[in-house]
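Asks: Please build the complex by placing chain B on the supplied structure of chain A, with the hints as guidance.
Protein chains in written order, with the working numbering: chain A, 1 to 149; chain B, 1 to 149.
There are no misleading hints in this set.
Stretch-level coverage of chain B by chain A, calculated; a stretch enters the list once three of its residues show a Cβ under 8 Å from a Cβ in chain A:
(1) 34 to 45
(2) 60 to 72
(3) 84 to 90
Below, a sample of chain A positions facing chain B; criterion: calculated Cβ distance under 7 Å:
(4) Trp34
(5) Gln37
(6) Pro50
(7) Leu63
(8) Arg67
(9) Ser79
(10) Met80
(11) Gly84
(12) Val85
(13) Leu88
(14) Arg89
(15) Trp90
Calculated from the structure, these hints are not laboratory results. No residue lacks a Cβ here, since even glycine has one placed at the ideal position from N, Cα and C.
Number of protein chains: 2
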Amino acid sequence: MPDYYFDDLKPGFRIETEPMPVTEEEIIAFARQWDPQAFHLDAEAAKKGPYGGLIASGWQTVLIMFRRFLDLGLIRESSMGSPGVDELRWYRPVRPGDTLRMVAEVIESRPSRSKPDRGIIRMRQSAVNQDGEEVASMIGMLLLRRRPD
Amino acid sequence: MPDYYFDDLKPGFRIETEPMPVTEEEIIAFARQWDPQAFHLDAEAAKKGPYGGLIASGWQTVLIMFRRFLDLGLIRESSMGSPGVDELRWYRPVRPGDTLRMVAEVIESRPSRSKPDRGIIRMRQSAVNQDGEEVASMIGMLLLRRRPD
Numbered sequence: 001m002p003d004y005y006f007d008d009l010k011p012g013f014r015i016e017t018e019p020m021p022v023t024e025e026e027i028i029a030f031a032r033q034w035d036p037q038a039f040h041l042d043a044e045a046a047k048k049g050p051y052g053g054l055i056a057s058g059w060q061t062v063l064i065m066f067r068r069f070l071d072l073g074l075i076r077e078s079s080m081g082s083p084g085v086d087e088l089r090w091y092r093p094v095r096p097g098d099t100l101r102m103v104a105e106v107i108e109s110r111p112s113r114s115k116p117d118r119g120i121i122r123m124r125q126s127a128v129n130q131d132g133e134e135v136a137s138m139i140g141m142l143l144l145r146r147r148p149d
Numbered sequence: 001m002p003d004y005y006f007d008d009l010k011p012g013f014r015i016e017t018e019p020m021p022v023t024e025e026e027i028i029a030f031a032r033q034w035d036p037q038a039f040h041l042d043a044e045a046a047k048k049g050p051y052g053g054l055i056a057s058g059w060q061t062v063l064i065m066f067r068r069f070l071d072l073g074l075i076r077e078s079s080m081g082s083p084g085v086d087e088l089r090w091y092r093p094v095r096p097g098d099t100l101r102m103v104a105e106v107i108e109s110r111p112s113r114s115k116p117d118r119g120i121i122r123m124r125q126s127a128v129n130q131d132g133e134e135v136a137s138m139i140g141m142l143l144l145r146r147r148p149d
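With the rest of the complex left out, here is chain A:
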């Protein structure tokens, strides 16, 4: 992939990744570290819980979306971090063995008013499972360098 700068990521730009599975081991390892609730942590206890079985922490789904976008390598040169995320939503459980693909679409872009070397884009990211169902989405802001002259 070539380097993408603020100027290259206009509204309508869309990209997606290949589906990849989420394993029970990954779900439990993440839960131990960051979200130790029974329905993320313990397959047996989770059967009696609100989801009838083990499900991934929503934060894990968020990080999978985020990491898969980063791994495309588009913004390796241009990324300057992020001021935040809006409308993060978890629609459906992610269960062991589900495969997720990440879909990203730029929905807004504006140059910085105070700093001419950068701009902010708003990008909607979603995670879609093997049945084509959206399981989570978020609208993230990315602070990006402008393309060098």
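Replies: Relative to the frame of chain A, chain B by itself:
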């Protein structure tokens, strides 16, 4: 801590945790796994980056806030997961050795219209550093069981 249910977490309920440090090792380990950008990953390369040194991934700050709230043990019995988060904001960098405390305040609460055994609260969580500066905040929704009769 006793168990808290939907009915116990009314608007105005506020709780905070003791400050705890974030180490360089933790910052780099997290970045390797989820956010491998140079300014989160490599102290030397980060000196020439947009923050003039290594900073924690914003997602790590989010997970620290989230986990510290969970660890209070309030919602161990009542938590049924979350439909999402609004207005996640990263205001300031978190650098190695910074200490963060988590502050949580319930800002809204409404019983479920369709399911009488549960309700949703909106809780603002923030992370505050050793200088009293808010470094990040988010408004999370929590789906909670109602207190059993």
